[in-house]
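S.K.: Construct all of the structure, not just a fragment, from the sequences and the given hints.
Quick mapping for you: the protein sequence lines, in order, are chains A and B.
Just so it is clear: in the first sequence, position 47 is 47 by the numbering used here, and no numbers are missing.
Just so it is clear: in the second sequence, position 71 is 71 by the numbering used here, and no numbers are missing.
Quick caveat, the hints were computed from the structure, so don't treat them as lab data.
Remember, it's a predicted structure, so these values are computed and weren't measured experimentally.
Among the hints, erroneous ones may be present.
[Unchecked claim] Computed cross-link-like contacts, EDC-like style, restricted to lysine to aspartate or glutamate with a CA-CA straight-line distance of at most 20 Å:
(1) K71(A) - D69(B)
(2) K45(A) - D31(B)
(3) K35(A) - D6(B)
(4) K58(A) - E68(B)
(5) K58(A) - E27(B)
(6) K77(B) - E29(A)
(7) K8(A) - D69(B)
(8) K4(A) - E27(B)
(9) K58(A) - E48(B)
(10) K4(A) - E146(B)
(11) K78(B) - E60(A)
(12) K75(A) - D31(B)
(13) K60(B) - E146(B)
(14) K8(A) - E68(B)
(15) K58(A) - E38(B)
(16) K77(B) - E99(A)
(17) K4(B) - E48(B)
(18) K12(A) - E146(B)
(19) K4(A) - D62(B)
(20) K71(A) - E27(B)
(21) K45(A) - E146(B)
(22) K71(A) - D6(B)
(23) K40(B) - E29(A)
(24) K8(A) - E38(B)
(25) K45(A) - E52(B)
(26) K45(A) - E7(B)
(27) K71(A) - D31(B)
(28) K71(A) - E38(B)
[To be verified] According to the in silico footprint, chain B covers these stretches of chain A (three or more CB under 8 Å from chain B):
(29) 18-30
(30) 38-45
(31) 66-72
For each residue, glycine too, the CB sits at the ideal point set by N, CA and C.
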Amino acid sequence: MYSKELLKGTLKPIILKLLSDNERMYGYEIVQAVKQLSSGKIVIKEGSLYPLLHSLAKEEVLETESVMIGKRVRKYYRLSKKGKKITIETLTELHGFLETIQQIIHSKDGNYAFKN
Amino acid sequence: MHLKTDELQLIQHYVVQNGLTIPEVQEDIVDHLCCIIENKVGEGIDFERAFEAAQQLISKNDIQQIQEDTLYFLTIKKQLIMIKAIFITAYASVAFLVIGIFFVSFGYILNLPEIIGFAMFLASASIFCLGFLPTLFLHNYNKYVERIKA
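M.R.: This is the structure we're talking about:
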């Protein structure tokens, strides 16, 4: 399991990526999908997931669809048109960020200009 | 398999009783708990034990945190706008007051019309009464209502 600090900044890209690969998903499905794709290394807490989903829905990044499952309501989330655009931007930014971090982590000792 | 009506009501009661008041989020959490329980019941565990296990995964504290965090995300932009409005109206009111004092106090030395000073006083009082005070009261009222609801 990774630390909260590492996960905090990546939850939004993870959700957007999953929704871009699937037509629509509900909350429990998102949690299980992330757990499975990460081989159990990333388990999203409901306390992190649902506030973010509702915040993205309010910003019109996500659209919701309510479906009756037995006697309860299940809310499916899907990317809106705006959401698809934001997903591309977010994932591009994350990709660039990860490459930059890789460069720093794998740099050899002394390979920067201002070292005394 | 789907849960029975009384089982579903128990789950709904658990969510509402622990402070989740936003209807859209209630639906999400109830569905989430139902999925956990249905999976466990599918593995042969009885409803009561499955419900207890689900409550360990989404505890009372978790539900309260979900309520707070969702409210925060949904209202943060509106709150920031209100706080900006409070600061801007306060600043504008003080600025007009200071300019008014300057014109009234030194107007006769610099040969400036005193009426501008009084106009500044009027502007300051108007912004204070019609801008700053209502915004401040509305902001505090909303916070008070949120605390009461919680």
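S.K.: Could you run down the list of hints and mark each one as holding or not?
M.R.: Tested hints:
no., hint, verdict
1, K71(A) - D69(B), "violated, 27 Å"
2, K45(A) - D31(B), "holds, 15 Å"
3, K35(A) - D6(B), "violated, 31 Å"
4, K58(A) - E68(B), "holds, 16 Å"
5, K58(A) - E27(B), "holds, 16 Å"
6, K77(B) - E29(A), "violated, 29 Å"
7, K8(A) - D69(B), "holds, 14 Å"
8, K4(A) - E27(B), "violated, 26 Å"
9, K58(A) - E48(B), "violated, 36 Å"
10, K4(A) - E146(B), "violated, 28 Å"
11, K78(B) - E60(A), "holds, 16 Å"
12, K75(A) - D31(B), "holds, 8 Å"
13, K60(B) - E146(B), "holds, 19 Å"
14, K8(A) - E68(B), "holds, 17 Å"
15, K58(A) - E38(B), "violated, 30 Å"
16, K77(B) - E99(A), "violated, 32 Å"
17, K4(B) - E48(B), "holds, 13 Å"
18, K12(A) - E146(B), "violated, 27 Å"
19, K4(A) - D62(B), "holds, 16 Å"
20, K71(A) - E27(B), "holds, 11 Å"
21, K45(A) - E146(B), "violated, 25 Å"
22, K71(A) - D6(B), "holds, 11 Å"
23, K40(B) - E29(A), "holds, 16 Å"
24, K8(A) - E38(B), "violated, 29 Å"
25, K45(A) - E52(B), "holds, 18 Å"
26, K45(A) - E7(B), "violated, 24 Å"
27, K71(A) - D31(B), "holds, 10 Å"
28, K71(A) - E38(B), "holds, 14 Å"
29, 18-30, "holds (count 3)"
30, 38-45, "violated (count 1)"
31, 66-72, "holds (count 5)"
When each numbered hint is compared with the structure, violations occur for hints 1, 3, 6, 8, 9, 10, 15, 16, 18, 21, 24, 26, 30.
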